[in-house]
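Next come the chains, spelled out residue by residue.
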Amino acid sequence: MNARPQKRTIPGAPIFDSDAARRGYALNKMCYTFNSKANRDEFVSDEVAYCKKFGLDEAQIKAITTRDVLALIRVGGGVYFLGKLAGGVLGLDMQDIGALQTGVTKEEFKAKLVAAGH
Amino acid sequence: MAKIVGILNTSHVPALGKAIHLNLQQDPYWKPFFDGFPPIHEWLDRVKPDIVVSCYNDHGLNFFLDKQPTFAIGTAPELVSADEGWGIPTMPSFPGQEDLAWHIRDSLIRDDFDMLTCQEMLVDHAFTLPMALLWPDQKWPVKSVPVCVNTVLFPLPSARRCFKLGEAIGRAIASFPEDAKVLVIGSGGLSHQLEGERAGFINKEFDLKFMDSMVSDPEWATQFSDLDLVEQTGNEGVELLNWLVARGTVPGPMKVVHSNFHIPISNTAAATMLLEPV
Chain A
1 MNARPQKRTI PGAPIFDSDA ARRGYALNKM CYTFNSKANR DEFVSDEVAY
51 CKKFGLDEAQ IKAITTRDVL ALIRVGGGVY FLGKLAGGVL GLDMQDIGAL
101 QTGVTKEEFK AKLVAAGH
Chain B
1001 MAKIVGILNT SHVPALGKAI HLNLQQDPYW KPFFDGFPPI HEWLDRVKPD
1051 IVVSCYNDHG LNFFLDKQPT FAIGTAPELV SADEGWGIPT MPSFPGQEDL
1101 AWHIRDSLIR DDFDMLTCQE MLVDHAFTLP MALLWPDQKW PVKSVPVCVN
1151 TVLFPLPSAR RCFKLGEAIG RAIASFPEDA KVLVIGSGGL SHQLEGERAG
1201 FINKEFDLKF MDSMVSDPEW ATQFSDLDLV EQTGNEGVEL LNWLVARGTV
1251 PGPMKVVHSN FHIPISNTAA ATMLLEPV
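Taken in order, these protein sequences are the chains called A and B.
For the first sequence, position 41 (counting from the first letter as 1) is numbered 41 according to this note's numbering, and the numbering increases by one without interruption.
So the mapping is simple: this note's numbering equals the position in the second sequence, first residue as 1, plus 1000.
In short, the hints are calculated from the structure, not lab data.
Model, not experiment: these values are computed from the prediction.
Even for Gly, the Cβ is constructed at its ideal location relative to N, Cα and C.
Among these hints, one or two may not hold up.
As the list claims (entries may be wrong) - Calculated lysine to aspartate or glutamate pairs in the EDC-like style (CA-CA distance at most 16 Å, straight line): (1) A:Lys62 <-> A:Asp46; (2) B:Lys1139 <-> B:Glu1078; (3) B:Lys1143 <-> B:Glu1197; (4) B:Lys1067 <-> B:Asp1114; (5) A:Lys106 <-> B:Glu1276; (6) A:Lys37 <-> B:Asp1083; (7) B:Lys1255 <-> B:Glu1276; (8) A:Lys53 <-> A:Asp41; (9) B:Lys1067 <-> A:Asp68; (10) B:Lys1048 <-> B:Asp1179; (11) B:Lys1143 <-> B:Glu1178; (12) B:Lys1067 <-> B:Glu1120; (13) B:Lys1164 <-> B:Glu1219; (14) A:Lys7 <-> B:Asp1226; (15) B:Lys1003 <-> B:Glu1276; (16) B:Lys1181 <-> B:Glu1276; (17) B:Lys1143 <-> B:Asp1050; (18) A:Lys106 <-> A:Asp96; (19) B:Lys1048 <-> B:Asp1226; (20) A:Lys7 <-> B:Glu1231; (21) A:Lys62 <-> A:Asp41; (22) B:Lys1018 <-> A:Asp93; (23) A:Lys7 <-> B:Glu1178; (24) A:Lys112 <-> B:Glu1219; (25) B:Lys1164 <-> B:Asp1114; (26) A:Lys29 <-> B:Asp1066; (27) A:Lys52 <-> A:Glu42.
To be verified - Label pairs and their computed distance ranges (CB to CB): (28) A:Ala49 <-> B:Asp1212: 51 to 59 Å; (29) B:Asp1106 <-> A:Glu58: 43 to 51 Å; (30) B:Asp1106 <-> A:Val104: 47 to 55 Å.
What the hints assert, rightly or not - Interface residues of chain A toward chain B, partial, derived using beta-carbon atoms under 8 Å: (31) Phe16; (32) Asn35; (33) Val48; (34) Arg74; (35) Gly78; (36) Val79; (37) Gly98; (38) Ala116.
Same shape as in the complex, but just chain B (with noise of 0.2 Å):
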């Protein structure tokens, strides 16, 4: 049977992309945020995932307006990274995890969520930073199934939306019949705004606070609406509804195998949590 092994939240923060293809690592800006790794790479090493189920949400690559899902799940034998507009390089395909997908996806519809079924998928930085993350030679270790969360266009599915999504993810993960370790990824977040007069907006005591309702309350954020959020973590801040996807597939509280925080990375308050099943 197909087990989750962990969930990996982390910050996709676009410029990241630049900072990996020049090297970037050790510069004094980029260090605090990369040093997050380093642990997450030797429980890589020991744990050795099979599969990725990534939580993230796409910034107008693979959707424009003229088609905008709320929730929507990639079953393509291939993911491909392509040029997104904001000069991020792209990186090598993804190979997909088709059966799982479908598996994933046929569940989820039967589970009352009315997923947009992708048989062709680009997948933008919000995607493949997170992979690159963890595995930065870019030979990819494992197969993928992306799940697409709207952030674009409000109002946003709910936080609760979003963590009952995960639930229903993680049931159908555990009714999965072959044997594999799943990692799931929430990419994202977290507090940070692009746009407008409070542009810059970072609000550290509210993400320290939900990073620990992660681990054993992770219910906690489930509680604020789509402006909520806004409020209290700038536009784009409404990322970490991924982070409650992911967070929604494993029941209970979790441990903390290791987490980084540091202001900023670009705009971004940026966050790295990796937890395990207890």
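So that you can see chain A by itself, here it is in the shape it has in the complex (with noise of 0.2 Å):
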């Protein structure tokens, strides 16, 4: 088989494509069970548990326990199903996601949003 042409890239704008929803795929049907508060509950009464339930590997469990988004996006996370994770489960709002990705406090971040209007 023939190499895959090189994917266009954008510098900090993550993709959730093909290779992502493959590579994704236990975490992201994981995080879709948020939806019930049921498994919310189960997940926070014992994380790693609910995640091996779920066949997530090593990197993504760790991902999860370290809360650290970015790695969380690294092994296949899609946005819209973290977001369930981030607000429904640990709630954290967008700003507080964003805050964690870009290395700044929320209150920088929420200013950096404002100045963007300007």
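Hints in hand, dock the two standalone chains.
Next up, the structure:
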């Protein structure tokens, strides 16, 4: 089989494409179950056991337990599914998540958003 | 005959759901966005649409990656708001307009659009929030037809394809034999990005150009690929595809009844735009 052509990349903007969907299926499937409160509660009661129930691999489990959002994306997490984990389970809002990914404080992240309007 | 009386495009930031639930419309943070709606409420009181056709994107409520359609249409009698895991309060169910939904569905498939047909359907914030913004008492005076566009898994349907889908929906509505006044909704955008090192990206200049294009040059944005749109508007800014579907339903220039643009609501350049046929 010939090598696939190199993908177009946009710096700082990870694309949830077919490679990510294949890599992240178990992780995203687990996050999809967070549409139900009973499942959110079960995850909170034993995070690693819940991850294993869905067949997450070590890199995915580590990204979950260390709350490493950029790593969660690298191991195939789709943002809308990760949002259920971050928002519905961990109680983070999008500015918390933005700050975590960009290495600034939440207040600095919010100030950047406001500045984009000027 | 059914007639499109207007197109309402609006952002659907999830945090709006909590703001509505907590009655924060006059809070200084939220007010600049909610203030875009009283003129639209006056228009709704005057025009009284009977049916909504809402073009939106599901975020992992009705669809998961096990079965991810590019385009779907809801022919269900009841469109159900449900827990989507983001902490957004649910709303009363929405009555479906089954006759029009089946008519559009049949017409689209004959018109070469391979729609997935949903006889049961859950609708997430991208469908429910625009409805709650239009009718804050949540006593829905309309029946609805949901049209769902994949913005989850790339490649996305192209902007050109989305516009053509809108044109085909417009033809289907025009051939619906019942007298009805239809409001078409385009839900989502404008520029925002939740993930990655560029999270928080907003592009005011592009958004304003895009809003201008909605009036008299609606195919302007169809020149861009999905990745072009990510580059210009952020990963989730691609939801402007729903605006393109909606805008495609009415040929030619339109008149702005009211528009509003405010940065930021959550991570988003929040925009609202009501257009009327000329």
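We went through each hint and held it up to the structure:
For the given pair, Lys62 (chain A) sits about 14 Å from Asp46 (chain A) by alpha-carbon distance, which is consistent with the 16 Å threshold. Annotation: proposed proximity of Lys1139 (chain B) to Glu1078 (chain B) holds, straight-line Cα distance about 14 Å (limit 16 Å). As the CA atoms of Lys1143 (chain B) and Glu1197 (chain B) are separated by approximately 42 Å, the hinted pair breaks the 16 Å bound. Distance check on the hinted pair: Lys1067 (chain B) and Asp1114 (chain B) sit about 15 Å apart at the alpha-carbon level, within 16 Å; holds.
Taking the CA atoms of Lys106 (chain A) and Glu1276 (chain B), the gap is about 40 Å. The hint is violated against a cut of 16 Å. A hinted pair counts as satisfied when its Cα atoms are at most 16 Å apart, and Lys37 (chain A) with Asp1083 (chain B) qualifies at roughly 8 Å. Taken as a hint, the Lys1255 (chain B) and Glu1276 (chain B) pair is honoured in the structure, with Cα atoms around 5 Å apart against an allowance of 16 Å. For the hint pairing Lys53 (chain A) with Asp41 (chain A), the CA-to-CA distance comes to about 14 Å; that is within 16 Å, so the pair holds.
Note on Lys1067 (chain B) and Asp68 (chain A): the hinted pairing is violated, with a Cα-Cα distance of about 28 Å set against a maximum of 16 Å. For a cut-off of 16 Å, the pair hint linking Lys1048 (chain B) to Asp1179 (chain B) stands: about 13 Å separates their Cα positions. At roughly 14 Å between alpha-carbon atoms, Lys1143 (chain B) and Glu1178 (chain B) fall within 16 Å of each other, so this suggested pair holds. Distance restraint check for Lys1067 (chain B) and Glu1120 (chain B): the Cα-Cα separation of roughly 15 Å lies within the 16 Å cut-off, and the hinted pair is therefore satisfied.
Straight-line distance between C-alpha atoms of Lys1164 (chain B) and Glu1219 (chain B) comes to about 10 Å, which keeps the hinted pair within the 16 Å bound. Between Lys7 (chain A) and Asp1226 (chain B) the alpha-carbon distance is near 13 Å, which keeps this suggested pair within the 16 Å criterion. Distance hint between Lys1003 (chain B) and Glu1276 (chain B) is fulfilled; the C-alpha atoms sit about 12 Å from each other, no more than 16 Å. Proposed proximity of Lys1181 (chain B) and Glu1276 (chain B) is supported: the alpha carbons are some 12 Å apart, at most 16 Å.
At most 16 Å may separate the alpha-carbon atoms for a hinted pair to count; Lys1143 (chain B) and Asp1050 (chain B) meet this at roughly 7 Å. Simply put, Lys106 (chain A) and Asp96 (chain A) have alpha-carbon atoms about 6 Å apart, close enough for the 16 Å limit, and the pair holds. Taking the CA atoms of Lys1048 (chain B) and Asp1226 (chain B), the gap is near 36 Å; set against the 16 Å cutoff, the hint is violated. The hinted pair formed by Lys7 (chain A) and Glu1231 (chain B) meets the criterion: a straight-line CA distance of about 14 Å does not exceed 16 Å.
For the hint pairing Lys62 (chain A) with Asp41 (chain A), the CA-to-CA distance comes to about 20 Å; that exceeds 16 Å, so the pair is violated. At most 16 Å may separate the alpha-carbon atoms for a hinted pair to count; Lys1018 (chain B) and Asp93 (chain A) meet this at roughly 12 Å. Note on Lys7 (chain A) and Glu1178 (chain B): the hinted pairing is violated, with a Cα-Cα distance of about 49 Å set against a maximum of 16 Å. The straight-line distance between the Cα atoms of Lys112 (chain A) and Glu1219 (chain B) is roughly 31 Å, outside the 16 Å bound, and the hint therefore fails.
Restraint check for Lys1164 (chain B) and Asp1114 (chain B): the C-alpha separation of about 13 Å stays at or below 16 Å, so the hint holds. For a cut-off of 16 Å, the pair hint linking Lys29 (chain A) to Asp1066 (chain B) stands: about 9 Å separates their Cα positions. For the given pair, Lys52 (chain A) sits about 13 Å from Glu42 (chain A) by alpha-carbon distance, which is consistent with the 16 Å threshold. Ala49 (chain A) and Asp1212 (chain B) have their C-beta atoms about 53 Å apart, which keeps the hinted 51 to 59 Å range intact.
Range check, Asp1106 (chain B) to Glu58 (chain A): Cβ separation about 50 Å, and the 43 to 51 Å hint holds. Asp1106 (chain B) and Val104 (chain A) have their C-beta atoms about 52 Å apart, which keeps the hinted 47 to 55 Å range intact. Here the hint on Phe16 (chain A) is kept, as its CB sits about 6 Å from the closest CB of chain B, short of 8 Å. Here the hint on Asn35 (chain A) is kept, as its CB sits about 4 Å from the closest CB of chain B, short of 8 Å.
Because the beta carbon of Val48 (chain A) sits about 20 Å from the nearest beta carbon in chain B, more than 8 Å, this interface hint is broken. Interface restraint check for Arg74 (chain A): the shortest CB-CB distance to chain B comes to about 10 Å, outside 8 Å, so the restraint is violated. Taking 8 Å as the C-beta cut-off, the interface hint given for Gly78 (chain A) holds, the closest approach to chain B being about 6 Å. Among the interface hints, the one on Val79 (chain A) holds; its C-beta lies about 4 Å from the nearest C-beta in chain B, closer than the 8 Å criterion.
With a cut of 8 Å, the hint placing Gly98 (chain A) at the interface with chain B holds, because the nearest CB-to-CB distance is about 4 Å. Using the Cβ-Cβ criterion of 8 Å, the hint placing Ala116 (chain A) at the interface with chain B is satisfied: the shortest such distance is roughly 4 Å.
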